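Let the hints inform the model, and build the full structure from the sequences given.
This is what each chain is made of:
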Amino acid sequence: MTSKLSRHLSNLETEAIVILREAAMAFERPVLMYSIGKDSSVLLHLCRKAFHPAKIPFAALHIDTTWKFRDMITFRDRMAAELDLNLIVHTNKKAIEDGVHPIKSGSAIYTREMKTRALRDALDMHRFDAAIGGARRDEEPSRSKERIFSVRGPNHSWDPRRQRPELWHLYNTQIATDETMRVFPLSNWTELDVWEYILAEDIPVVPLYFAKERPVVERGGSLIMIDDDRLELEPEEKQQNVLIRFRSLGCYPLSAAVQSSAASVADIVEELRTTRMSERAGRLIDVDETSSMERKKREGYF
Amino acid sequence: MHAPTHRERDHLRFLACGAVDDGKSTLIGRLMAETGSIPDDQLANLVHLSKKFGTTGGNLDYALLLDGLEAEREQGITIDVAYRYFGTPKRAFIVADTPGHEQYTRNMVTGASNAEFAMLLVDAKAGLTKQTLRHSRILSLLGIRRILLAVNKMDLVDCAEAPFAAITEDFRKFVSQLSFDQVDAIPIVARDGDNIVHPSKRMPWYKGPTVLAHLETVPVSTHQREEAARFHVQSVMRTDTGGRGYAGYVSSGAFKKGDQIIVARSGRKSTISRIYVYPSEIDSVETGQAATIELADQVDIGRGDIFAPVDAVPEVADQFAAHVVWLNDNPMLPGRTYSLRIGTHTVAATITALKYGTDIETGEHAAVSTLAINDIGFCNLATTEPIAFDPYAKNRETGAFILVDRQTGATSGAGMADFPLYRASNLVKQNYEIDKGYRAKMKGQRAAVVWFTGLPSAGKSTVLNLVEQKLSRRGIHTYALDGDNLRLGLNRDLGFTEADRVENVRRAGEVARLMVDAGLVVLCAFVSPFRNERRSVRERHDAGEFIEVFVDTPLATCEARDPKGLYAKARAGKAFHVTGIDSPYEPPEHPEIHLRTETGTPDAMAEQVIADLARMGIIAR
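Just so you know, the protein sequences line up as chains A and B, in that order.
Just so we're aligned, residue 830 is where the first sequence starts under this note's numbering, counting upward by one.
Just so we're aligned, residue -16 is where the second sequence starts under this note's numbering, counting upward by one.
Since the hints were made in silico from the structure, they are not lab data.
One should not assume that every hint holds.
[Said to hold, decoys possible] Pulled a few chain B residues facing chain A out of the computed Cβ check, cut under 8 angstroms: (1) P22; (2) N90; (3) R286; (4) V387.
From a predicted model like this one, the values you see are computed outputs, not experimental measurements.
Don't be surprised by glycine CBs; every beta carbon is placed ideally from N, CA and C.
So this is what it looks like as structure tokens:
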């Protein structure tokens, strides 16, 4: 029996499996960054393949900002139970006490405190020496320069000029005591590859990716879903029900929806072949300024 | 349900290279834009970026799509490899946009290592440059067999055929000595889009395909059909049947259930009993697939092993010859130990001889003593245990290796194995009945190396001398090895360059090892400035047998003492490579014995060594 995958997807799958096993072998305490999105779902599936019939040999870490969509948290807990994951959930509780808020604090401060700092703290607290994530090079220009095995200096800082050349399929996994590694098995995948793989392998994903009428408010040209009563509407704003879905999931007040009728994975694949908008167009945190992702990454953002 | 249009597309991994400002990023940006691969929001952002950083006078500057780092946008150059993805209904592309600057040649090598096709750009007005020749040679060395010469900026030569024909002919002449199977050429204007996706109206004399049409039709084959099957073992795991499964991947060929295989390094044979990929068992596994394999027999197999068909076994050797491209700012030092990674196997390796360096422009060979960054050389390597490999020319996956600096972790060398020098199977270590333990026991002692390291004039020999006297009074058989003494004999051919210092310590370490084998307590005094070499000597000894003594004396004190006048000469510019002055010293991080000489007399230091040796059980209390 040969694989039902296209040769291209099969090659991407193998590359990712090889990388996952290398990370598991080369590091003392690797951890899987689990953000609940489609890339994370693919990563989890690849982990099962990589280590089958053994259990996934590392923990899954979710940085919970407390502002994720409710559906995401439900899905996370379901997957953790079904796959018997060692799930670690970390929140920057101090920032919450200090009132850091996705809208009122501004997305820059919010991302720094609830995502970057929370991630760094969690990695330090558990002494993880490698963090495996689902970032892809097609997401954003500074990501396109990122290595598959990417060294982070003291305090998880990223120096794009000090990156190691990555030759053939030979990964250099050596790190010094104050260094850690970020590992990106999906580096060479595109958004379309991810969805075609989800389709071929029948991988479960959060229902928010599929079109449905949902309560939204239009704000600054973006459709923001009202996931709970914490989203305060301005006097002139009004809630409406629109047929929407999400291409990228994050904190709900910062993740814009797209109008779409794609209600199945096959529909999504079809939609992506014709869309004229990039996946991250709905990510409000990326558009702060030119190079904002690179700056966030230098500080230790994923 | 599958999406048929995508399934039938194949993928081409290629790189774009050539000199700086030849228009690589612009060409790729335009290819992406004209194939509809740039989303509208990124296009809108490009308009914004072009106004801010653009070099095209307000027009869209496609290069800014690729140069994703701040410094790249500000300086208008590509610093690092960018990987980009675009496609047409016929084919999908992964392109590595590599920097043209000579100082970033290593990034071009990186891009070439993962590509099966290359697009080399030249400026029509400038013609072939040194960088064009350099990149062609690297492409050839890295095993790229098909290249496309894109002659850019044709508008600067009036879009005329003659200059294009002249460049193309020059190029063909030059590359005829290299190992390309197919070389094509297309005249283009990347900035305006001529012959990129649409045929140029300005160059009606050109009848060939556009760049995109060429990319869509050039044959793709990463693997030669004649490559023998290779399965790389990544890890060993318990399987659901309670047996041992070897998780790994196939880098070439195919394996099926029932195949007889050989484990390359051990030469043991067995039969494949099961192959599985979650969630099911399968009958065969082929190139580019990961799987877990179970064998019919219990054989000792570990990470780094390669399974091969019994009639097509890879080379197995602990000494071999290879081409190496140096990638690190710190030069390659023959004699120094590096980590070598080949397939899934990591071993320690030393360059035993640097046969020659290759002039990247002329291809000529020249005698060299070291390789600097971006240099290419041919050398002999020795590994601490045998490795399995194929010549790179026969198999890129099993012939490629990297060398990693053990101190900094930097990926320092890109290697391409050529041929085995000495088959490991021919070399059998002689085991004698009378061994180290027996010899030491006859003397009523434990054998060990006590290795004093520190700056010149730190007091190593002084303390060593006292320690040896104290040991001999206890009836212990010792011998002292001293840097200066060895340099008068065994090492008199060595100078004080970094490479020579590395070799000096290596030889001293080997002599010390022989003396330990003779059952002696060997006292060594060597500046031995580099951690890497001290670590190598340590690794050549059994655990607990190598005692590092850091004679820690501040530079100022050493300089004030200066019994041999070495520091004075260095300060006067009359001596070079003096450790502490113009040559680095790397202090031990965790020495077994740390002597802070300013806190006591030489005798007190010697007493501390004796006490520590007793504490460690090397000598009786």
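- Interface hint compliance - V387 (chain B) to chain A, C-beta minimum distance less than 8 angstroms: Nearest chain A Cβ about 5 angstroms off; hint holds.
- Item | Proposed interface contact between R286 (chain B) and chain A, which counts if any beta carbon pair is under 8 angstroms | 6 angstroms, holds
- Query: Should the interface hint for N90 (chain B) be scored as holding, given a Cβ-Cβ cut-off of 8 angstroms against chain A?
  - Reply: At about 6 angstroms, which falls below the 8 angstroms cut-off, the nearest Cβ of chain A leaves the hint on N90 (chain B) intact, so it holds.
- Query: Given P22 (chain B) was flagged as interface, is its beta-carbon under 8 angstroms from a beta-carbon of chain A?
  - Reply: Interface hint status for P22 (chain B): holds (4 angstroms vs cutoff 8 angstroms).
Hint compliance for this structure: no hint is broken.
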